[in-house]
Every structure is written in C-alpha cells, then in structure tokens.
Amino acid sequence: DILEVRANADSTTVSSGGRQLLAYGGKASNTIISTGALQTVSYGGTAHKAWVSSGGIQNVLCSGTALSSIVSMGGSLTVGSGGTAQSATVYYSGKSYIFSGGTAQGIRVSNGGWNLIYNGTAISTIVMEGGSQNVFGSAAGTVVQSRGTEIVNVSGTALDTVVLTAGTQTISNGGTAVNT
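In case it helps, the numbering used here puts the sequence shown at residues 29 to 208.
It is worth saying that the hints were derived from the structure and are not from the lab. Cβ coordinates follow ideal geometry from the N, Cα and C atoms, glycine included. Take the hints with a grain of salt, since some may be wrong.
[What the hints assert, rightly or not] Computed spacing ranges between beta-carbons, pair by pair: (1) L192 <-> S96: 20 to 26 Å; (2) T208 <-> S82: 33 to 39 Å; (3) V206 <-> S44: 42 to 48 Å.
Could you put together the complete structure from these sequences and hints?
So this is what it looks like as structure tokens:
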C-alpha cells in the first residue's frame with residue numbers, strides 16, 4: 029500500500045513493504061519505518077524524527093527534508109539530488125548514503141553506523157566510537173572522535189577535519205584532505 033501525505037501525519041508505522049510519500053508540503057513526525065518499508069520525502073515534504081530500522085529505507089530527494097532521523101539495526105537513509113538531511117543519528121548497523129546533489133548536515137555516526145558520501149556533500153558530521161565515514165564526495169567540518177574512522181577515497185575531499193585523540197583519518201590514493 030502507498031500512503032501519500034500532503035498535510036500532517038503523526039506517529040505512523042510503515043512496515044512490511046509499505047510505502048509513505050511526503051510531498052507538496054506534507055509533513056510526518058515520529059514515523060516508524062521498518063521491515064522493508066520505504067518513506068520517500070520529496071517536492072517540499074518534511075519528515076521529522078523518523079525511526080528507520082530492520083531493512084526500512086528513508087529516501088530524501090528533490091527539495092525534501094528529513095530532520096533528526098534515527099537510523100539503526102539495518103535501516104538506511106538515502107539522500108539524493110536536491111534532498112537534505114539534518115541532524116540524523118546513525119548507529120547499530122544503520123547506514124546513510126549521500127548521493128550526487130544530496131546534502132547532509134550534522135549527522136552523528138557511532139557504534140557500527142556507517143555514512144557513505146558518494147558524490148554528495150556532508151557538513152559537520154560527528155564520527156564517534158565505532159562509527160565510520162567513507163568519503164567519495166565532499167565532507168566539510170567533520171569531527172572524528174575517539175575510535176571513530178574517516179576514510180577519504182579516490183575523488184573524495186575532506187575539508188577542515190578535526191581528528192581527536194584515538195580517532196583515525198585515512199587518505200587513500202586519489203583522496204584529498206585539506207586543513208586536517
């Protein structure tokens with residue numbers, strides 16, 4: 029089933045392959061997205077405090093905005109062209125993907141969480157203990173804390189990274205780090 033939201037929805041559960049579309053000013057808060065479900069946030073839609081887990085996917089693109097998403101236990105956040113994600117928390121095998129034209133700001137990655145920047149842009153990411161950030165795009169203002177890891181891969185650029193004690197930044201062949 030597909031639930032299209034153009035007004036406001038609160039505390040909805042989308043699971044078992046269900047679909048939720050937020051567009052044209054539609055807003056959803058406290059949505060649970062799990063078990064293969066998909067929430068798409070686009071064309072002026074806004075998602076606030078979604079919980080994404082167990083194979084659920086939150087897909088943000090085309091002027092959509094996701095605020096304070098929690099991504100864990102096999103859930104995924106994908107940010108595509110024109111999409112914005114702010115203040116997401118990614119941990120316990122959660123994954124976030126920032127693709128070309130997508131922007132993520134203030135993501136916190138820890139405890140088995142993973143943030144992949146693939147031709148997209150991440151700003152002010154905090155990589156905490158057990159978290160990992162892989163940069164194939166642009167990362168600016170990242171803070172890598174104790175036992176966090178940032179890997180800057182070919183064609184990736186890391187600007188103004190702060191690496192604290194016991195944090196790790198690895199620059200692979202073809203990657204670039206400026207003002208670390």
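Going through the hints against the structure:
no., hint, in the structure
1, L192 <-> S96: 20 to 26 Å, "holds, 24 Å"
2, T208 <-> S82: 33 to 39 Å, "holds, 36 Å"
3, V206 <-> S44: 42 to 48 Å, "holds, 46 Å"
In the structure shown, no violation is registered for any of the earlier numbered hints.
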